[in-house]
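Engineer: On the provided structure of chain Y, position chains V, W and B as indicated by the hints.
Protein chains in written order, with this note's numbering: chain Y, 1 to 77; chain V, 1001 to 1077; chain W, 2001 to 2150; chain B, 3001 to 3150.
Derived by calculation from the structure, the hints in this document are not laboratory data. Watch out, some of these pointers could steer you wrong.
Residues from chain B that face chain W, not an exhaustive set, calculated with beta carbons under 8 Å [to be verified]:
#	residue
1	L3023
2	F3030
3	T3033
4	S3034
5	R3106
Over 12 Å on every C-beta distance to chain B, these chain Y residues come out as not near it, computed from the model [stated by the list, open to error]:
#	residue
6	S2
7	R31
8	D32
9	D59
10	D64
Computed list of lysine to aspartate or glutamate pairs in EDC-like fashion (alpha-carbon distance at most 16 Å, straight line) [as the list claims (entries may be wrong)]:
#	chain 1	residue 1	chain 2	residue 2
11	Y	K4	Y	D21
12	B	K3063	Y	E54
13	B	K3067	Y	E54
14	W	K2029	B	D3042
15	W	K2002	W	E2062
16	B	K3029	W	E2094
17	W	K2029	B	D3093
18	W	K2063	V	E1067
19	W	K2063	V	E1054
20	W	K2121	W	E2066
21	B	K3129	Y	E13
22	B	K3121	B	E3141
23	B	K3029	W	D2042
24	B	K3142	Y	E45
25	W	K2067	V	E1013
26	W	K2029	B	E3141
27	W	K2129	V	E1013
28	Y	K4	Y	D32
29	B	K3063	Y	E67
30	W	K2142	V	E1045
From the three backbone atoms N, C-alpha and C, an ideal C-beta is built for every residue, glycine too.
Listed below, chain by chain, are the residues.
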Amino acid sequence: MSIKVRYFASLGERVGQTESDLDFVQDLTVRDVWQLDTSGKPFPENLLAAVNMEYAGLDVQVQDGDEVAFFPPVTGG
Amino acid sequence: MSIKVRYFASLGERVGQTESDLDFVQDLTVRDVWQLDTSGKPFPENLLAAVNMEYAGLDVQVQDGDEVAFFPPVTGG
Amino acid sequence: MKVKICPEAFNPWQEIQDYQANLTEGSPKFGATSIFIGTMRDYNEGVTVQSMALDYYPGMTEKQLEKILTDAGEYWQIIDAYIVHRVGEIQPDETIVLVAVWTSHRGDAFDANRAIMEALKSTAPFWKKEVLTTGQTRWVEKNTDGYQKM
Amino acid sequence: MKVKICPEAFNPWQEIQDYQANLTEGSPKFGATSIFIGTMRDYNEGVTVQSMALDYYPGMTEKQLEKILTDAGEYWQIIDAYIVHRVGEIQPDETIVLVAVWTSHRGDAFDANRAIMEALKSTAPFWKKEVLTTGQTRWVEKNTDGYQKM
Chain Y
1 MSIKVRYFAS LGERVGQTES DLDFVQDLTV RDVWQLDTSG KPFPENLLAA VNMEYAGLDV
61 QVQDGDEVAF FPPVTGG
Chain V
1001 MSIKVRYFAS LGERVGQTES DLDFVQDLTV RDVWQLDTSG KPFPENLLAA VNMEYAGLDV
1061 QVQDGDEVAF FPPVTGG
Chain W
2001 MKVKICPEAF NPWQEIQDYQ ANLTEGSPKF GATSIFIGTM RDYNEGVTVQ SMALDYYPGM
2061 TEKQLEKILT DAGEYWQIID AYIVHRVGEI QPDETIVLVA VWTSHRGDAF DANRAIMEAL
2121 KSTAPFWKKE VLTTGQTRWV EKNTDGYQKM
Chain B
3001 MKVKICPEAF NPWQEIQDYQ ANLTEGSPKF GATSIFIGTM RDYNEGVTVQ SMALDYYPGM
3061 TEKQLEKILT DAGEYWQIID AYIVHRVGEI QPDETIVLVA VWTSHRGDAF DANRAIMEAL
3121 KSTAPFWKKE VLTTGQTRWV EKNTDGYQKM
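Same shape as in the complex, but just chain Y (with noise of 0.2 Å):
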């Protein structure tokens, strides 16, 4: 199974990458994507994530195919 991972803003800088495909045989929540992609590290303060562009917890399972995005706090308008 395959998931897309994007990183936004200052996160993206923080992470290395903006966007990566992550390949797994377990189950794996958003939190797990997290720390699997990012080889282990720290989570941000105020971490917030989307799965299929829907915000979502970090203890949400992700499925195969679907798009895995993690953002700092929003600061538009």
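Structural biologist: Just chains V, W and B now, with coordinates in the frame of chain Y:
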């Protein structure tokens, strides 16, 4: 002494005049002005009054040369 | 801060742009603008309204509107504010009132604009008389409280 | 109800007028319009800002803005609403965001517009990066709560 009295909107129709000059010799309140100038017509509910273009209570004393206005609740905007 | 009584139909977007063009000189830069526009509808309390006559108290109306702006400026951080209010014969779809507030932060813009509108609705000397399709006329009796959810 | 992401500078007054011209057909007549406009200023937290880069999440940003409008429409009586949000390189005095809400009554227009702005500020995926006059860049870290008086 003399003051100008004005009636706006539905009050003009109710009182039968929109403007009058009232001569007086003794001290008058806004309330007295209404009673004298309308020949004792009952006070309309929610009557508003202004003296010299500022809101005033019915117990305010009027002075020579004042402009006293009566009007119903405002409905602008 | 300025108020304007308008006896003819006006374009609210043009009014705002013209006023804003002049306020940039010298003022601190604004980050937030809140606009409210009230438009005449062709019905009220279940009855079709053909047109409306808006009466006012020349002199006092301007004074009261200016007081409303001054009061708002004492409570909120306002860079500038502008009120335009129509009087005279009004047709459906025409603008009755425009309130524009320029501030640094959005909280002040929203709150001040709303407070100005509520104060205008409850204290500015304007009176609406509706002309119904039957030709009958009726004075509008009372403004509602905009803070209450209807 | 519609949202628009705008990679180029836009004229908010033109946007509102164009949108409003289309909403009159068939919709009930609106009596109240509330507009909020956020404009880029040339300073933030005491430092002069030369320009700004507004990043977003294409796809999710639109979806989230649409959700914000839908949520507002479930709570308030809204005839129509429109959000335009700028992305990309922004210069001082350019419009960042426009929120327009058309309703029958002013309470709904004010409350819905404000709630939409607060939801946008706290949940719509946009991120600002400021370019200072020194050439340095910095990410804006946090939006403030517009309901709190500052």
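Engineer: CA of K2002(W) to CA of E2062(W), is that 16 Å or under?
Structural biologist: Cα-Cα ~9 Å, so holds.
Engineer: If you draw a straight line from the CA of K2121(W) to the CA of E2066(W), is it 16 Å or shorter?
Structural biologist: Holds. K2121(W) to E2066(W) sits at ~14 Å (cutoff 16 Å).
Engineer: Would the pair K2063(W) and E1054(V) pass a check requiring their Cα atoms to be no farther apart than 16 Å?
Structural biologist: Measuring from Cα to Cα gives roughly 8 Å; hence the hint holds.
Engineer: Between K3063(B) and E67(Y), is the straight-line Cα distance small enough, at 16 Å or below?
Structural biologist: holds, 15 Å
Engineer: Hinted pair, alpha-carbon criterion (16 Å max): K3142(B), E45(Y). Please report holds or violated.
Structural biologist: holds, 12 Å
Engineer: Examine each Cβ of chain B, and state whether all of them lie more than 12 Å from the Cβ of D32(Y).
Structural biologist: holds, 21 Å
Engineer: For K3067(B) and E54(Y), compute the direct alpha-carbon distance and say whether it is at most 16 Å.
Structural biologist: holds, 10 Å
Engineer: Return the status of the interface hint for S3034(B): holds when the least beta-carbon distance to chain W is below 8 Å, violated otherwise.
Structural biologist: holds, 6 Å
Engineer: Decide if the proposed pair is consistent with the structure: K2142(W) and E1045(V), CA atoms, cutoff 16 Å inclusive.
Structural biologist: Roughly 12 Å between the alpha carbons, so the hint for K2142(W) and E1045(V) holds.
Engineer: Take a quick look at whether K2029(W) and D3093(B) sit within 16 Å of each other, Cα to Cα.
Structural biologist: holds, 8 Å
Engineer: Measure nothing beyond the straight line between the CA atoms of K3029(B) and E2094(W); if it is 16 Å or shorter, mark the hint as holding.
Structural biologist: holds, 11 Å
Engineer: For the pair supplied as a hint, K4(Y) and D21(Y), is the alpha-carbon distance within the 16 Å limit?
Structural biologist: This hinted pair holds, its Cα atoms lying about 5 Å apart.
Taken one by one, the earlier hints fail for this structure at numbers 1, 25, 26, listed in ascending order.
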